[in-house]
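Enquirer: Guided by the hints, dock chain A onto chain X, whose structure is given.
2 protein chains.
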Amino acid sequence: MSRRFLDRMAILAALGFLALACGQGREQGQGALAPQTSGQGSAVAELMKARGLSEADVTAALKTYLPTGKKDDYYIFSSGGQSGQVIVIGIPSMRILKYIAVFTPESWQGFGFGDKASEGLFEEGRRRGFDMRWGDTHHPNLSETDGDYDGQFLFIGDKANARLAVINLTDFITTQVVANPLLESDHGAAFVTPNTEYVIESSQYPVPLGGAFAPLEEYNEKYRGAATFWKFDRAAGRIVPEQSFAIELPPYMQDLSDAGKLVSDGWAFINSFNTERSIGGNMEGRPPLESGASQNDMDYLHVVNWKKAEELFKAGKTRQIAGFPVIPLEVATAEGVLAFVPEPKSPHGCDVTPDGRFIVIGGKLDTHATVFSFEKIKALMEAKDYVGTDPYGVPILDFQKSIHGQVELGLGPLHTVYDDAGNAYTSLFVESKIAKWSLTDMKLVEKLPVHYNIGHIAAAHGDTVKPHGKWVVAMNKWAIDRFADVGPLLPQNFQLVDVSGPSMQLVYDLPIPLGEPHYTQIVAADRIKAIDHYTPVGFDAVKRVKDEFAVAGGEERIERRDDGVHVYMTQVRSHFTPDTIRVKQGETVHLHITNVEQAKDATHGFGISSYNISLSIEPGEHNNVTFKADRAGVFPFYCLEFCSALHLEMAGYLVVEPAEAKTAGSPRERGDRG
Amino acid sequence: MSRRFLDRMAILAALGFLALACGQGREQGQGALAPQTSGQGSAVAELMKARGLSEADVTAALKTYLPTGKKDDYYIFSSGGQSGQVIVIGIPSMRILKYIAVFTPESWQGFGFGDKASEGLFEEGRRRGFDMRWGDTHHPNLSETDGDYDGQFLFIGDKANARLAVINLTDFITTQVVANPLLESDHGAAFVTPNTEYVIESSQYPVPLGGAFAPLEEYNEKYRGAATFWKFDRAAGRIVPEQSFAIELPPYMQDLSDAGKLVSDGWAFINSFNTERSIGGNMEGRPPLESGASQNDMDYLHVVNWKKAEELFKAGKTRQIAGFPVIPLEVATAEGVLAFVPEPKSPHGCDVTPDGRFIVIGGKLDTHATVFSFEKIKALMEAKDYVGTDPYGVPILDFQKSIHGQVELGLGPLHTVYDDAGNAYTSLFVESKIAKWSLTDMKLVEKLPVHYNIGHIAAAHGDTVKPHGKWVVAMNKWAIDRFADVGPLLPQNFQLVDVSGPSMQLVYDLPIPLGEPHYTQIVAADRIKAIDHYTPVGFDAVKRVKDEFAVAGGEERIERRDDGVHVYMTQVRSHFTPDTIRVKQGETVHLHITNVEQAKDATHGFGISSYNISLSIEPGEHNNVTFKADRAGVFPFYCLEFCSALHLEMAGYLVVEPAEAKTAGSPRERGDRG
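The listed protein sequences derive, respectively, from chains X and A.
Quick note, the first sequence lines up with residues 7 to 680 if you use the numbering used here.
Quick note, the second sequence lines up with residues 7 to 680 if you use the numbering used here.
Think of the hints as simulated: they come from the structure by calculation, not from any bench.
By construction, the Cβ of each residue, glycine as well, lies at the ideal position given by its N, Cα and C atoms.
Honestly, I wouldn't trust all of these hints.
[Stated by the list, open to error] Calculated Cβ distances over 10 Å to all of chain A for the following chain X residues: (1) K76; (2) G87; (3) G90; (4) N288; (5) G322; (6) G342; (7) D361; (8) Q406; (9) H474; (10) A558.
[Said to hold, decoys possible] Now the stretches of chain X that chain A is said to cover, found in silico as 3 or more residues with beta-carbon under 8 Å: (11) 105-119; (12) 199-208.
[As the list claims (entries may be wrong)] In silico BS3-like pairs for lysine-lysine, Cα to Cα no more than 27 Å straight-line: (13) A:K314 to X:K228; (14) A:K77 to X:K77; (15) A:K472 to A:K77; (16) A:K407 to X:K55; (17) X:K55 to A:K228; (18) A:K590 to X:K228; (19) X:K606 to X:K590; (20) A:K552 to X:K76; (21) A:K476 to X:K76; (22) X:K77 to A:K453; (23) A:K76 to X:K77; (24) X:K552 to X:K76; (25) A:K77 to X:K453; (26) A:K76 to X:K76; (27) A:K384 to A:K314; (28) X:K77 to A:K55; (29) X:K76 to A:K590; (30) X:K476 to A:K228; (31) A:K552 to A:K590; (32) A:K634 to X:K590; (33) X:K55 to A:K476; (34) X:K320 to X:K407; (35) X:K606 to X:K77.
So that you can see chain X by itself, here it is in the shape it has in the complex (with noise of 0.2 Å):
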């Protein structure tokens, strides 16, 4: 019998021990490890042995478990992917707390459905003057305070429609949305600098810039890429697009992005693919993409100084491409804005290390992650030593003379995220493993098998100049087996691993039920200050300020006006006031709803019927919502969210009177009552 049986069964064997030493002090429902059916045996055992846990499992067990009424210490911050959301999480119990709806229209928040809230936000985000009812949202970052998570706000890439959402962490809601005028997708979003001055959007499938049009065979000249520096004004918790600026990139790939902190603050650094300007074509006579793009050993690091273009940039060193200010690559070039290092090879990561002196890239078709070194990057430019140009005339310095060093760490090393001792934790995503390296050794200190193909990698405080050092998450791209059966679309599983111990374990596999995540940041839960209502009453989440159509109780009314009629609603459990709204077909209908409670958890919604309107209005809000009543008949509303014991009491009917029909009712049916 091997040894690790034989500890087993000691195991076993003291656990029922346990039981009978506790077995007399059981109360009803609470001696739980007490044996529950019988006097043999306690039921930690009889629960190992009936469910097949391993001594690994019960750790696991007991390390993510969170009884009733216990909250968790830290919160995921994850993108949805093209479900255009953010999905928050809690470690260590890997409960989803929120889907928050950012990019695409949702109707449990009542998002993408009022005209005064969040449907402005989809105004806002129109692209060529089109309404986009979706997104992919790629990287979450939140804003930062001397380089470490502030829990002020979140931000996010859409990647297919190359828009940048801003999240106000008080409420947990999208507050504004800006469209790129120049590119048509990013992937390099949204990444702040240290003290939140810019989120950082760069380009992924290089177009013309600004919406022109060139034909593909004009690719090298006419398609270009770029990185766009959103100013952020925290005060107003709003980007600044007039204190933006792009600068001009070459027809590359670029890809992720991050910005430098501590020594190398003021830098920013961006990978790429497809220096081999491939533009697929395999039904033309070229090769696809994915053959196209792979054929150079090296690719091109993006070195910026983003404290020069800003420089430039308010110097009007700029050239106006659909109205937005761009430094163009010559420009840059010049300033010593921008040079290249070469990376191998199909490179996907790129990330700073806490105390911001390297920059460690992990490449898909390598089997090292290279460690860059700031102060040798900034010498070189400095000294301006390169050693050529691409065909664009940026500056290429010389690989070896800009790197650390390299570790190797195993198949298709991706991401790589940081903690509190010097280690590293790089995504494998053809070996499905997290390799912790030692960035002071330079050396591979351990790996862990994970489930399957693991992309983006996270890790509590992980990538700020203050890792915590207690969780890393795998977020991998395919679960395949993991999980009980859901169809022929499955879960994307996230995996959350304890790297507080010696070596690391596996301790949770969450399933994204919705949403293909790319990448997470961790965040302890007490920098997040949220609210749980909305004062002063009548308040526009979207404006952060009381809207000019709120209401308190008493002061609700119906007026009849040149634009249509105006309803002035409250919402209290559980009734709204008015609850009878009489209109005539084909007249506009402005809702004007406050919901005038305080109490936590005291939402209200507001439904109606085949007018496709779905507004969720949380305690102290305002919601205004417009539309045409052209549609004849009788249309019950109701509370969507259940209030209280009388929830599917609080209803009320809008009365369409058809045009070509006389007045019914009583006198009073039309009447003011403010």
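Expert: Quick look at chain A alone, frame taken from chain X:
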């Protein structure tokens, strides 16, 4: 010192001993019960101490934890409320496995973005000619064979817009939406008959049936409810509207439904509130609904003989309203199809017992569960032993003669589910408790506090003829302080309760991160036979046949026809064929995309910038999407679902040449390969 504290000390001491006993056999990352950071104490004891876990917490953790790769034993199928979705959750892990898009567009699943598949559902689901872009899902019901779940289909109602959807449980996608032409809102939907002959959808807020107009003043005369019986064709997997019918009901607010089973098969039961016929009007001198509808001590349990109603329908004893056959109230009454039994007070649960003999009703403003006897009700109806009729001529049975008995449970009893040992579990909304009581003894057994304001309750197969007696889920409406803060809009709280032992144990709190669930059903995992890819390749998941536009590898082509440019495209890791699409501004583009993969999890997406298109194409699936290329320029498209190390390179370009420009490029550009 308390006995309990001493017991706890004994446990810790024993665990310490245990750790020493097995400390020697530890292998790296395996000996989890052994000390992790020092030579003293065990990991379990340390974890209990460090994390403040009680003995009950430890058993709860071990009852619910699923190690990596282990699968859940049960699926919960839950409504998502106003998110318009269905939520799939695993037991015991309580991990959310999937959000299924039903009534609301959802871009990760590409639901609502293609024209042949999901977009078509929105056309089916139109109301009064208008697209509805959300729904309020309330009551999911699994298809049944002989009164037990067969795992084939799931039905769910949209309260907001009176619609019903069919979800296929081989691939977990919505394949049909029907809009009720009579109603504006439903609540008693979806509830199936024991062999899924019909899916019941009954009304909530009365309106003039069929979209007619009548002023509120004619509420009593012209407003009505209805119980709709949608015929289901199991072989086709579709509701057949032409074989469906409805029964007119008085303008009370019908609430929940349930179909009889075994002895009561052929019957259905619907409860109601607002037999006062209050219409609200709090700014027109009338009381709001919440008080107007709470005057009567009794409302009416609706007893429906649907087998008889089916005969009447087949005999043509119906009136057509909005093209739909309706059995008029006077016919239903005269033919013995409908009778009322008084039910106390403000009833909100209507749950037939596993043996089909009783119907349990909970009243929001009552303290009892009232157990109605089907046998007695049937005998009274056969004997025409009535105490009178309601204003619409519906016969009313005597309350005392109709009931089996009442059991005092506590404040606000709502819904009831059952186990395999003769027990019932009733949610107590006002008390925030689960009441376990014996149907056999008609006595309260035990109460368990839940957090907070429990609405529905569910049990494993707990509303079928064969309950499993294992798990109960409390669906709590308010979470309040249970979870880490996420702003004013809070998650709901599902609490898992182990009912397999002599007393109930609360073992898990699950926040619902998106949507507000109302009801769930819990089915054994082995009943679900999910597929992981489609065959034949080119499968249309809505039509359930190979799509006429599907192509195999080698058949890809671009064809210009009278109706526009047809692009026959395939997807395989990691390229599109073709990957270049060149059109002129204004042309209509028909994309026909086949994912030719057959491997599990090999999903590909299709997203394109600025054109609002997001598709998810599962292995073997085919999607079509049509759009007008009215925006000139260059638009990258790419795979939305991470599919391989070269996923980012799975991209191409849509080049839309401006209408005014001359043609550029080579002759090959527009050629067909086919």
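Enquirer: Against the structure, test the hints numbered earlier, and report the numbers of the ones violated in rising order.
Expert: 1, 2, 3, 4, 12, 13, 16, 17, 19, 20, 24, 29, 30, 31, 32, 34
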